[in-house]
Amino acid sequence: MTAISLLLATFVASAVEAVEAFTIVLALGVTRGWRSTLLGVAAALAVLAVIVAVLGPAVTSIPIGWLRVVVGGLLLVFGLQWLRKAILRAGGYKALHDEEATFREERAAAQAAPRADAGVDPYAFTVAFKGVLLEGLEVAFIVVTFGANHGSVPLAAAGALAAIVAVVVAGIALRAPLAAVPENTLKFAVGLLLTTFGTFWAAEGAGVDWPGGDAALLLLLAFYTAVALGLVRLISAQPTAAAS
Amino acid sequence: MRRLGSFAYDFVVGDDPLVAVLVVVAIAGAWLLQRSGVNAWWGVPAVVVAALALSIRRAARPHG
Chain R
1 MTAISLLLAT FVASAVEAVE AFTIVLALGV TRGWRSTLLG VAAALAVLAV IVAVLGPAVT
61 SIPIGWLRVV VGGLLLVFGL QWLRKAILRA GGYKALHDEE ATFREERAAA QAAPRADAGV
121 DPYAFTVAFK GVLLEGLEVA FIVVTFGANH GSVPLAAAGA LAAIVAVVVA GIALRAPLAA
181 VPENTLKFAV GLLLTTFGTF WAAEGAGVDW PGGDAALLLL LAFYTAVALG LVRLISAQPT
241 AAAS
Chain Z
1001 MRRLGSFAYD FVVGDDPLVA VLVVVAIAGA WLLQRSGVNA WWGVPAVVVA ALALSIRRAA
1061 RPHG
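Taken in sequence, the protein lines are chains R and Z. Read in order, the letters of the first sequence correspond to residues 1 to 244 in my numbering. Read in order, the letters of the second sequence correspond to residues 1001 to 1064 in my numbering.
Below, a list of computed lysine to aspartate or glutamate pairs in the EDC-like style, where the Cα atoms sit at most 20 Å apart:
| # | chain 1 | residue 1 | chain 2 | residue 2 |
| --- | --- | --- | --- | --- |
| 1 | R | LYS130 | Z | ASP1010 |
| 2 | R | LYS94 | Z | ASP1015 |
| 3 | R | LYS130 | R | GLU105 |
| 4 | R | LYS94 | Z | ASP1016 |
| 5 | R | LYS85 | Z | ASP1010 |
| 6 | R | LYS94 | Z | ASP1010 |
Derived, one-sided and incomplete: chain Z residues facing chain R with beta-carbon distance under 7 Å:
| # | residue |
| --- | --- |
| 7 | VAL1019 |
| 8 | ASN1039 |
| 9 | TRP1041 |
These aren't lab readings, by the way, just hints derived from the structure by calculation. Ideal Cβ positions, reconstructed from N, Cα and C, are used throughout, including at glycine.
Go ahead and model the full structure; you've got the sequences and the hints to work with.
Rendered as structure tokens:
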């Protein structure tokens, strides 16, 4: 895996999660005020930084064969979960992500929640903390697994950080949820990437020699893309497809 | 502790544990075949596709 593909994979995966977290933070900030919201964001980012700082070296110290089996296997299961949801979403069996709708829902909930008289607003702090932590955990998982397999967690973290910065800058410029980001397509792509790399590393860890070496990654990606698109077509053709 | 375990399970495994089980079987199978001298590079992708198709079929089963 080249440094560029590592950066690209962590950038795309992190951008999707950052867009979702940004929508929650924006809804809270404009409704409940920015101070408590940003405190919640800062606390969540601190927890995520500790998780990556602790897990990164711990995972990297595992012998490479075991690392690839365990981390590749985990990544494969995790990636298949993403891909499964993306296929169901594209086929009409799961509701599509809609940042405008999420923003409206979060804002309505924030307006309805009771307010504290003074000091830190517990609602804004807690919801911002939880939102950023939950979305960020997926980013942390991807950073640690991709980074450990490549032998550079900091490089993977740099890709994730670049995505977060890009999303925040775009969000501040627009002052609106980033609804124009093709989130559902990106989630589909991330599911394919995670499944591809997970398969490659897990099988390699089990002792498999891939024909063509790293070039097998591209063939795997093409194969999984064709299968996933075929599954979307198959379930879209069913008469009872309905968003749930 | 139980909540943390439940969260970790949901986080990695998600809605369909059968997929995770099949992935473990696929990796173990590839390892066993490799130990017997067979380079079964096709094994894991084949099981992954079967697991995905099965899981999608179960989730998108026509209602009624």
